[in-house]
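Participant: So the chains spell out like this:
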Amino acid sequence: VLLLDLFVNGLIIGSYYALMAVGLTLIFGVLRLVNFAHGEFYMVGAYAFTLAAVKLGTGPWLAIPFALAAGAALGWFTERALMRPLYSGYSSWGMMRDEYAVVVTFAFSLLLVNLVDKGIGPYPTRGPPLVNMPRLPVGPVMLSGQKIVATAMGVAMIAGLGLFLRYSLWGREIRAVAQNRFGASLAGIDTARVSSLVFAVSGALAALSGALLAPIINASPDVGAFPAIKSYVIVVLGGMGSVAGSIVASLALGVLESFGAVYISYDYRDTFGLVILILVLLFRPQGLFGEKGRVVG
Amino acid sequence: MSNNVLRLKPIVLAVAATLSMVASAAEPIKIGISIAQSPPGSVVQGVQVKDGVEIAKDFVNKQGGVLGRPIQLVYEDSQGVPEKGRAATEKLITLDKVVAVTGGHQSSVCLAEMEVAKRYEIPYVNTNCWADSIREKSYKQVFNPGNYNSRVAAAMAETLSQLGVKRVVAFAENTDYGIGQAKAVAEALKKKGTSIDYKYEVLDRAGKDFTPAVLPLRANPPDAVLTMMLPPAAYIAMNQLYEQGVAPSSKTWLYDGGGIADYPDFWQNVKEAGKYMIEFALYHPQMTIPPLGKQVAEEYQKRTKNEPNRLIFQAADSLFVLVDAIKQAKSTKSDAMIKALETSKFDFTRGPFQFSTQPGISYHQWVDIPYVNYQITEVGQPVSKTVLLQGPGQPVSTAKLVKPPK
Numbered sequence: 001v002l003l004l005d006l007f008v009n010g011l012i013i014g015s016y017y018a019l020m021a022v023g024l025t026l027i028f029g030v031l032r033l034v035n036f037a038h039g040e041f042y043m044v045g046a047y048a049f050t051l052a053a054v055k056l057g058t059g060p061w062l063a064i065p066f067a068l069a070a071g072a073a074l075g076w077f078t079e080r081a082l083m084r085p086l087y088s089g090y091s092s093w094g095m096m097r098d099e100y101a102v103v104v105t106f107a108f109s110l111l112l113v114n115l116v117d118k119g120i121g122p123y124p125t126r127g128p129p130l131v132n133m134p135r136l137p138v139g140p141v142m143l144s145g146q147k148i149v150a151t152a153m154g155v156a157m158i159a160g161l162g163l164f165l166r167y168s169l170w171g172r173e174i175r176a177v178a179q180n181r182f183g184a185s186l187a188g189i190d191t192a193r194v195s196s197l198v199f200a201v202s203g204a205l206a207a208l209s210g211a212l213l214a215p216i217i218n219a220s221p222d223v224g225a226f227p228a229i230k231s232y233v234i235v236v237l238g239g240m241g242s243v244a245g246s247i248v249a250s251l252a253l254g255v256l257e258s259f260g261a262v263y264i265s266y267d268y269r270d271t272f273g274l275v276i277l278i279l280v281l282l283f284r285p286q287g288l289f290g291e292k293g294r295v296v297g
Numbered sequence: 001m002s003n004n005v006l007r008l009k010p011i012v013l014a015v016a017a018t019l020s021m022v023a024s025a026a027e028p029i030k031i032g033i034s035i036a037q038s039p040p041g042s043v044v045q046g047v048q049v050k051d052g053v054e055i056a057k058d059f060v061n062k063q064g065g066v067l068g069r070p071i072q073l074v075y076e077d078s079q080g081v082p083e084k085g086r087a088a089t090e091k092l093i094t095l096d097k098v099v100a101v102t103g104g105h106q107s108s109v110c111l112a113e114m115e116v117a118k119r120y121e122i123p124y125v126n127t128n129c130w131a132d133s134i135r136e137k138s139y140k141q142v143f144n145p146g147n148y149n150s151r152v153a154a155a156m157a158e159t160l161s162q163l164g165v166k167r168v169v170a171f172a173e174n175t176d177y178g179i180g181q182a183k184a185v186a187e188a189l190k191k192k193g194t195s196i197d198y199k200y201e202v203l204d205r206a207g208k209d210f211t212p213a214v215l216p217l218r219a220n221p222p223d224a225v226l227t228m229m230l231p232p233a234a235y236i237a238m239n240q241l242y243e244q245g246v247a248p249s250s251k252t253w254l255y256d257g258g259g260i261a262d263y264p265d266f267w268q269n270v271k272e273a274g275k276y277m278i279e280f281a282l283y284h285p286q287m288t289i290p291p292l293g294k295q296v297a298e299e300y301q302k303r304t305k306n307e308p309n310r311l312i313f314q315a316a317d318s319l320f321v322l323v324d325a326i327k328q329a330k331s332t333k334s335d336a337m338i339k340a341l342e343t344s345k346f347d348f349t350r351g352p353f354q355f356s357t358q359p360g361i362s363y364h365q366w367v368d369i370p371y372v373n374y375q376i377t378e379v380g381q382p383v384s385k386t387v388l389l390q391g392p393g394q395p396v397s398t399a400k401l402v403k404p405p406k
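Taken in order, these protein sequences are the chains called A and B.
Reminder that position 94 of the first sequence reads as 94 in the numbering used here, one-by-one numbering, no gaps.
Reminder that position 271 of the second sequence reads as 271 in the numbering used here, one-by-one numbering, no gaps.
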């Protein structure tokens, strides 16, 4: 029973990681930038969900779209206000592109944490569950209604994203820009608009993750740090820019942490992913599903 | 012309002297408060410490201050991080020129801050850091009117032995407080000579998922789970223990040694997971407290609409102790204040006490600090309605305990 418990719990936590990591990997795939404020998109989603459900009285189900909208708006704003100068005609900005992105997203992350800390308050806040079944035995495994619903919604969202990327016009545009930004622009794709779209989708996914986990992991101003760190590890493990790689790496990390915490030591739970990360960087630097190199132009 | 100037000279000098005296008399005495005002520190505690010292400051200043001067509190944010606390204390002492520092409420931070206080020989009153190692360092500048781990450990060992449990697992946060308390309980159980099989698991205080630590307990449930953690990690661990049906359950008691049930955000965050929990605490509304304690409690309720808790009293006492030391010493000089702190008898919000000078864990400590044990029997229950299992100085009564149905 313990083995099954650990495996199921690992898959569940892995699916939460995936929801976060996929957004981050999309941004990297399209813009070749690492967004250090990604954890704060999660945090904003958790707060938007909790505040809408509790303070505005929308109830938990109606609060989900509210969180999605807040995350999408924040992502869109981040791209328009902070990222756009990198690729919209300011040639000198391109020279310090990576440094700029790191500094500006890191600063934005600190700003968001402190704004929420001072504006809403430092106390942790637990969101209302979507399904009020704190204990739900599924065979020999004990889960909660919220965990099951959150996992199901997370999986559905990732599947929906896969379909969107594969079959929709916007999805094709995103893939085209990810493959070759310059080539896509020559084909008439508005790459700036695609960048905004990617940030909005990434923000919405992270916010959804925050909303679904708010009844399990209480929202607090610094709550985004934990999923963000995991996401960075996952994105590199899976192969930077690879959505499928991120999903596989998320599930693998969830299961690895779950078993390692019990059979090695709970103390080292967060180091398992980092050890694997070092090994991957040493022996397969492109990650599990990443490309060895890219030829552009 | 020169005669006029000469005639005016004594008047000018007198006016200047008076102005200087007025300025000196009105010059506030600065006391440094280092608390967690932002994450990852326990901001919940920081807010309560601030509420407590603010009430005490207002009480003192309303009565004319001390030595004819008002008290001014200078705040710094330690973020619950030792190095930030260290820098905060350094700044308070060297830049703000405070005469003493207080407010500390997380052991790892206190341990860092007290090194700075020692270096500058400034009195440091520890408001709520429980690690025994703070006392064991025997720094003459450090005074402890708050609780300490060995005291909690002895109380918990006594309760566990009364409960008749055989196997106990503790969840301790990875801080000086958490690990210190987990070890102190092991020591206390050994000292008591019980045959309880006790082990503890160290959990990351910044962790968000403790399920892997909980699942093995579901497979093999102990008789009691002890928590030695602060929010928000404590709330998450409690919820996950409850979700897995581990504790509180018909088989397993949940016993908190961190005194978290009286935090204003407790019920918002735990709900069903808090029902049936046994709580070690330093304040219960059924305790008898001195008139000053009642006044502080009323003022706190007036300001925040919350029930008062131990941190409010501990914080208020930390400031009252320092003000009293200045009054007794008739000076704000460190040596005089430290001497006054060592020799004075105090009686403020929680009863009479004096700091022990015995070396070891009793050094500069209020040794017989009163404590209680109570059980929560309903979701959302205010502390005043909980079942008191043990009053201060009384034996623990397990007959009143209620277990969850099967």
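For the record, the hints were derived by calculation from the structure and aren't laboratory data.
Values in this document were obtained by computation on a predicted structure and should not be read as measured data.
Hints should not be assumed to be uniformly reliable.
[Stated by the list, open to error] Result set (DSSO-like, lysine-lysine): computed pairs, CA atoms no more than 27 Å apart in a straight line:
#1 B:K30 x A:K118
#2 A:K118 x B:K271
#3 B:K305 x A:K118
#4 A:K55 x B:K30
#5 B:K275 x B:K137
[Unchecked claim] Chain A is faced by these chain B residues, among others (derived, beta-carbon under 10 Å):
#6 G245
#7 K271
#8 G393
[Said to hold, decoys possible] So these bits of chain A aren't anywhere near chain B, every CB distance computed over 10 Å:
#9 V1
#10 R80
#11 Y87
#12 L111
#13 P221
#14 Y232
#15 L282
C-beta: ideal position from N, C-alpha, C; glycine also.
Participant: All hints, please: hold or fail.
Facilitator: Against the structure, the hints:
1. B:K30 x A:K118: With a Cα-Cα distance of about 25 Å, the restraint between K30 of chain B and K118 of chain A holds, given a limit of 27 Å.
2. A:K118 x B:K271: holds, 26 Å
3. B:K305 x A:K118: Satisfied, since the Cα-Cα distance of roughly 20 Å is no more than 27 Å.
4. A:K55 x B:K30: violated, 40 Å
5. B:K275 x B:K137: Measuring from Cα to Cα gives roughly 39 Å; hence the hint is violated.
6. G245: With Cβ-Cβ at 6 Å, under 10 Å, it holds.
7. K271: At 8 Å from the nearest chain A Cβ, K271 of chain B passes the 10 Å test, so the hint holds.
8. G393: violated, 34 Å
9. V1: violated, 6 Å
10. R80: holds, 28 Å
11. Y87: holds, 34 Å
12. L111: holds, 13 Å
13. P221: violated, 5 Å
14. Y232: holds, 16 Å
15. L282: At roughly 26 Å from the nearest Cβ of chain B, L282 of chain A sits farther out than 10 Å, so the non-interface label holds.
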